[in-house]
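Asks: Residues per chain, in single letters:
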Amino acid sequence: MTPFGHPTPTDPARLEMSPHAEDGQVHVQRDPRETDRQLREQAREIAELRRSVRDANEIKSDFLAVVNHELRTPLSALLGYLFLIQRRLGQRRNAEGALETTPVVGPSGATIDDVRELLEKGRLAGARLVRLLDELAAMEWIHRQDLPLDLERLSMDRLVAGVCDEVRLLAPDRRVRLDFHCPDGEDDGDGLEIVGDPEKLRRLLEHLVGNAVKYTPDGGCVRVEMQAAQSGDGSVHVTVRDGGVGIPARDLERIFEPFYTGTTARHHSSGKTKFMGVGLGLGLPVSRGIARAHGGELWAESAGFDPERLPGARFHLLLPPCPPERPSADDGQWRATR
Amino acid sequence: MTRAIRVLIIDDEIEFAGLLGAILDEEGYQTTLAHDGLEGLDLALKSHPNLVIVDAAMPGMDGYELCRRLRADPQTSELPVLMLTGRTFDSELNEAREAGADACLTKPCEPPELLSTLEQLMRVPREPVHADPAPSTG
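Chain order of the listed sequences is A and B. Going by the working numbering, the first residue of the first sequence is number 1, and it counts up by one from there. Going by the working numbering, the first residue of the second sequence is number 1, and it counts up by one from there.
With the rest of the complex left out, here is chain A (with noise of 0.2 Å):
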């Protein structure tokens, strides 16, 4: 046997039958010099490949740095402009005080509040792609194991209930009914407090609860509950449960995977509504970098793909009461964003 456990492949030629084969099989003898020859080969071609790996697995890394970096320059200055605009067309108000809304462009009989909105989605486009490439460096972190935390002593029902406001607020379009259930909330004191970083898990809520909305039809109903996990040392429990068409047993692992976008995503729900996009795929494995990071953990369940019978998915996400140490802990007086 190898050290791997398995008997090494060898190429029969030059295998040699037993003498001894009495009991009318076959054994087979090898030569201890080409067994070793074989194995010191073996050993070499394996560092080679772990090498190569390695270095695959830098080029990747530095890749992203760079990317990430140029794209980021030419990105802030394209929303500053932007916001500068905004902001300067916010400013022409007319002898009444009121903003103007003269034609700024003749032929066309824009108005300012018509160039307003096109910077306003400008804006926004960029704001998306500064999230996406927030997203790619995150990942990077996670691989590196290194995402910083800025930890301070925050209050889950009241960061979850926030969130499930935002989430409304954002998809005012959306027939779904988002409800937010917290039995051990405020009421019960201190109980759902843990010690994380609020700007990350509201970053890893958002997606949660947003994606729930998202994968939701039009008239169903998304639910998220808050509880003291069982295990009573002071972790919580949240599970957001959407009305969308499930998951497939193969995939629920699998969609906690880097670009891993699902073969089942494009269904969206129900095809009552249509559902563009889908995304890089970095969204819950950032999420779960981000319970990992805590200490926590983020997974899913669902009875299945079924786009008639709309079985939903249902996401659990444990905390515990606070992270792990780490080498490199924040003293907590420094601001360092994303």
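If you are wondering where the hints come from, they were derived from the structure by calculation, not from laboratory data. Yeah, the Cβ is synthetic: ideal placement off N, Cα and C, and Gly gets one too. The reader is advised that the hints may include incorrect statements.
[As the list claims (entries may be wrong)] According to the in silico footprint, chain A covers these stretches of chain B (three or more CB under 8 Å from chain A):
(1) 12-23
(2) 31-41
[Claimed, not checked] Every beta carbon over 10 Å from chain B, so not counted as near; a handful from chain A, in silico:
(3) 38
(4) 50
(5) 70
(6) 122
(7) 126
(8) 300
[Said to hold, decoys possible] Here are the simulated EDC-like pairs of lysine to aspartate or glutamate, each with C-alpha atoms no more than 20 Å apart in a straight line:
(9) 121/A x 48/A
(10) 60/A x 140/A
(11) 60/A x 41/A
(12) 60/A x 173/A
(13) 121/A x 110/B
(14) 121/A x 42/B
Assemble the complex: chain A is given as a structure, and chain B must be docked to it using the hints.
Replies: Okay, now just chain B, sitting in the frame of chain A:
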């Protein structure tokens, strides 16, 4: 309304520095621009800014070195410094902190975020500078 808060912006990307200056001017800050570390250091001493915004990556003297020199000089050791970086990795953010920056934003920082950080830096009195990271209590 002029708040008369003087901000020194040091960035080798001339266009970006100019844009940042225009945004801050619009908000009533008084801005001065420098396009490399040496010029920035010189202006930090001569123009008596209330706050410095410095790009981390610059040819010659980079933002980190500039920050260390500001901290070493008694005249500027308490001057609030906001570092901007295009990099997003923890090690680089740590480097900014160890160099003595009070805050660090990743480009592209959206202007409202930049403005609120500036306001916060002008409000909060500076923490004493530690040459070494605080010993871990764990």
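Asks: Does the alpha-carbon distance linking residue 121/A and residue 110/B stay inside the 20 Å limit?
Replies: Between residue 121/A and residue 110/B the Cα gap is close to 15 Å, so the pair holds against 20 Å.
Asks: Straight-line Cα separation of residue 60/A and residue 173/A no greater than 20 Å?
Replies: violated (40 Å)
Asks: Under 8 Å between beta-carbons, do enough residues of the stretch 31-41 of chain B, three at least, approach chain A for the coverage claim to hold?
Replies: violated (count 0)
Asks: Holds or violated: the stretch 12-23 of chain B covered by chain A, criterion of 3 or more residues with Cβ-Cβ distance under 8 Å?
Replies: With 7 residues close enough to chain A, the hint holds.
Asks: Hinted pair, alpha-carbon criterion (20 Å max): residue 60/A, residue 41/A. Please report holds or violated.
Replies: Measuring from Cα to Cα gives roughly 28 Å; hence the hint is violated.
Asks: Measuring Cβ to Cβ, find out whether residue 50/A lies farther than 10 Å from everything in chain B.
Replies: Residue 50/A clear of chain B: closest Cβ-Cβ about 24 Å, beyond 10 Å.
Asks: If you draw a straight line from the CA of residue 121/A to the CA of residue 48/A, is it 20 Å or shorter?
Replies: Given pair residue 121/A, residue 48/A is violated - Cα atoms ~50 Å apart, limit 20 Å.
Asks: Residue 121/A and residue 42/B were given as a pair; does the straight-line alpha-carbon distance stay at or below 20 Å?
Replies: Not satisfied, since the Cα-Cα distance of roughly 41 Å exceeds 20 Å.
Asks: Going straight from one Cα to the other, do residue 60/A and residue 140/A come out at no more than 20 Å?
Replies: It holds: about 10 Å lies between the C-alpha atoms, which stays within 20 Å.
Asks: Measuring Cβ to Cβ, find out whether residue 126/A lies farther than 10 Å from everything in chain B.
Replies: Since the minimum Cβ distance to chain B is about 8 Å, residue 126/A lies within 10 Å and the statement is violated.
Asks: Non-interface claim for residue 38/A: all C-beta distances to chain B beyond 10 Å?
Replies: At roughly 42 Å from the nearest Cβ of chain B, residue 38/A sits farther out than 10 Å, so the non-interface label holds.
Asks: Is the claim that residue 70/A lies outside the interface with chain B correct, judged by CB distances over 10 Å?
Replies: Its Cβ does come within 10 Å of chain B, the nearest being 8 Å, so this is violated.
Violated hints for the displayed structure, listed by number in ascending order: 2, 5, 7, 9, 11, 12 and 14.
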